[in-house]
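Chemist: Its first residue numbered 1, the sequence shown is counted upward by one per residue in the working numbering.
Quick caveat, the hints were computed from the structure, so don't treat them as lab data.
Be a bit skeptical, because a hint or two may be false.
In the DMTMM-like style, the derived pairs of lysine to aspartate or glutamate whose C-alpha atoms are separated by at most 20 Å in a straight line are [to be verified]:
1. K712 to D670
2. K628 to D667
3. K712 to E777
4. K628 to D639
5. K712 to D685
6. K712 to E759
7. K712 to D667
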Amino acid sequence: MTKSFAFSVCAALALLAASCAQPLGPSGAPTPLPVSSPTPMPSAEVLFAALAPDGTQSVDLVLLDIVTGHAETLQTVSMTRRDDGSFQASLIIPVGSLLHYRYVRRSPGTADEINSYGELIPYRLAYIPGPGQYTDNIAAWSDGAYQGETGRILGHLRDAVSDEPLPFLMISAAGMLTFSDSEGAFRLENLPIGIHQVVVASPTGAYHPVQQGAAIATDRTTPVEFRLQPAEPVRLTLQVTVPSDTIPGVPVRVAGNIRQLGARFDLQQDASIHFPTDMPTLFAVDNTHFVMLTEVHAGMDLRYKYTLGDGYWNAERQGDGSFLTRQVIVPNEDLTLIDTVSTWHTPEGGSLMFRLSVPENTPEGETIGVQFNRNGWVDPLEMWRLGRYEWLYTLYSPLDMDEPLQYRYCRNMQCGAAGTPADLGPEGIQGALTEASINQNMNDVVTAWRWWDQTAPPASVVAPPIIPRPDLEVGVEFISAYDPSWNLVLPHAWDEILNFGSNAVTLSPAWVWEHSQPNPVLSFDPSITPYPDELIGAIADAQQLDLSVGLRAMTLPEGEAFTTWWGNSIHSDDWWAVWFEEYRSFALTLASLANQADVSKLILGGPEVGPSLPGGLLPDGSESDVPKNAETRWREIVDDVRTIYSGTLAFEIELGAELQTPPPFLDAFDEIHLYWHAPLTDAIDPEFEALQEQAASALQQVFAAHPVFSQKPLILIVEYLSVYASQTGCPPALDESCRPASDFQHGAIADPDLVVNLEGQTEALNAVLLAAYARSEIEGFYVRGYDPTMPMQDKSASIHGKPSRDLLWYWYPRITGIAGDAEP
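From just these sequences and the hints, can you work out the full model?
Modeler: Below, the structure is given as structure tokens:
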């Protein structure tokens, strides 16, 4: 490093950290150890043994590079068949490594390993503290099914020093993955019988990994408990020199295998574990030198690479053009890594330049992404802004195109049905590239975006002179379908929500019901749920703007409708006991986060838990066979929540075609949230006066139905879609059932015969506002289904970008008495 560059780096680090001295290092601490990576590391011989299903003739061990992802970066090791029928392979591995691996059958025929549910195994984990042997049981291959018995693991994680429970650590056994809850507890169901390695790892590296064997017996529960040693925090400084052909001003990011470097660890992830904009951007010292400071932890296995895209697209390559992922076992002292990117190019060189013009009605502040289809659409890459309506992206690698490479553009990284061009078919495909396209410029123009037309008719508002109610909560409730792009758009969303006069917002983080049998499994999944730091950070940003924030506990079935999930369930007493344990785990974890973030309220209940209530019914109207002690189980959950969270506790009741019967334990809650999607008409194009009369009648029937609705504060949570028939409360499906609002979220077409009706949504919300705003029993009004990703005029219930937003802009400030402060 030249002297002038050293001083430039120091100046840059001074902006990133509060101090900068030569040599670099915190005051009074040892000078950071400069390491020019990759660093030679002590290694150990490790033996992997696999017990495979009968008939297996040959097996390979497959090592995954989770930072890069994609099948072409897999490292395959042939295994040797032993006399006992097992397969073995010996590897030399750096001590301290955390391996991601799985098995594949080579004969007879090629097949991937699956778990006892029949799902492909994304990866197994193995921690390598030194020489050792690891033995795995392969449940089945992908051309078959597991035929054996199963059991389960129930475990707890605690800090070995403080004895505190450890939430949100990742646990792996038999190729199944899960996370611990706020009590440090975790459950792994349906494990094949036999001995399995249980591995626990911290997504941030804050705790040293641990592992031990667990014996699984038929239909038995194996308890395990781990006490993890906290790892010492270490300040990591990255200094990198990039190739001279790097375009000045483009963001250089670092992708890695820890949360600090953008890793998400989705439960079913089989490609890159990153969302591109999640990865940190390095600070530019000049056009070819970049620096970054972050905190890592001593002893952790750090894998990382530099990139102009993500871990695969436009990521750094070795001098010969092959993929490169760097590895360092972090020492017990502050560390400076001095790296050089050899090239961004593949061996054949070349590039593809995408230059894009977007329409002038593209909202200011939006980001444009370009997305590629390589054996499936990958996460979009953020383009580089040239001007208000001009964008650029240069792709250097990979450029090997055995098949045409499709690509498309999208608003705010929302590809698919939501943010793609309007005139290029359902998928918005811009074109397909071949090897002949290399070194060509793609000069593309988007003339219009799907679901976005600023000429939509203005809102027609019906309102009397409004007497202000300053204490009334007014706001929106977010959709639960989180993705990492929210980190880009939330600052704009908070401003927009404030601009139409809201004083409150509800976030709906969801956990996923992965399976319904043999026992229900409810899991935190980072692919649809924010990590605690993301959720708490978003809440803090909203609170700084004086928005009152609530959290609603939402659960979602994985890959199917709730009707199907409940229908496939067993509903025995044992099944229900697990259901209540799983829901309690989620409720207490969300209560802990609510307490940490100091949110104003926590909301339980909703249609998704209806079958668990006393006298509960399944979505098809049949009895759910919920145990007789259901009321007791719910009261126990409430009592446990209150030991953690002292704010307002609300329960959600549904008002659809009928009013849900209030459960007998509502006295344990402070508020009632009434999820209102009641039919206001049976006509397709009704008169507004009829809607208003029906809304008033429906509200009066609520108060007449049960005294509890007058005894506790009542908050209306209103949801109407932007389609014809929405006001009937039943957008019809092909089987004449009612489509749930979730079918239409985020630009989904759902049914081409159900056309957009923005005015109908506005009228329905207006009718309910007229019926409700002046009634003293009602202490809040929220519109459900707000999509923060971008304004759209789609079929969904989101008001973002629709005339119904302007309706709220009229009503909300006048109700709360701040009229004049909100912006049109």
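Chemist: So if I understand the rule, the pair passes when the alpha-carbon distance is 20 Å or less; does K712 with D685 pass?
Modeler: At roughly 36 Å apart (the allowed maximum being 20 Å), D685 and K712 break the hint.
Chemist: Hint check: K628 vs D639, CA-CA at most 20 Å. Holds or violated?
Modeler: This hinted pair holds, its Cα atoms lying about 19 Å apart.
Chemist: Hint check: K628 vs D667, CA-CA at most 20 Å. Holds or violated?
Modeler: 19 Å, holds
Chemist: Need the status of pair K712, D667: alpha-carbon distance at most 20 Å?
Modeler: Holds: K712 and D667 sit about 9 Å apart, inside 20 Å.
Chemist: Within a Cα-Cα threshold of 20 Å, do K712 and E777 meet the stated pairing?
Modeler: 8 Å, holds
Chemist: Sort out whether E759 lies within 20 Å of K712, counting only the CA atoms.
Modeler: Between K712 and E759 the Cα gap is close to 33 Å, so the pair fails against 20 Å, i.e. violated.
Chemist: Under the criterion that the straight-line Cα-Cα distance not exceed 20 Å, is the pair K712, D670 satisfied?
Modeler: 7 Å, holds
Consistency note: the structure conflicts with the earlier hints numbered 5 and 6.
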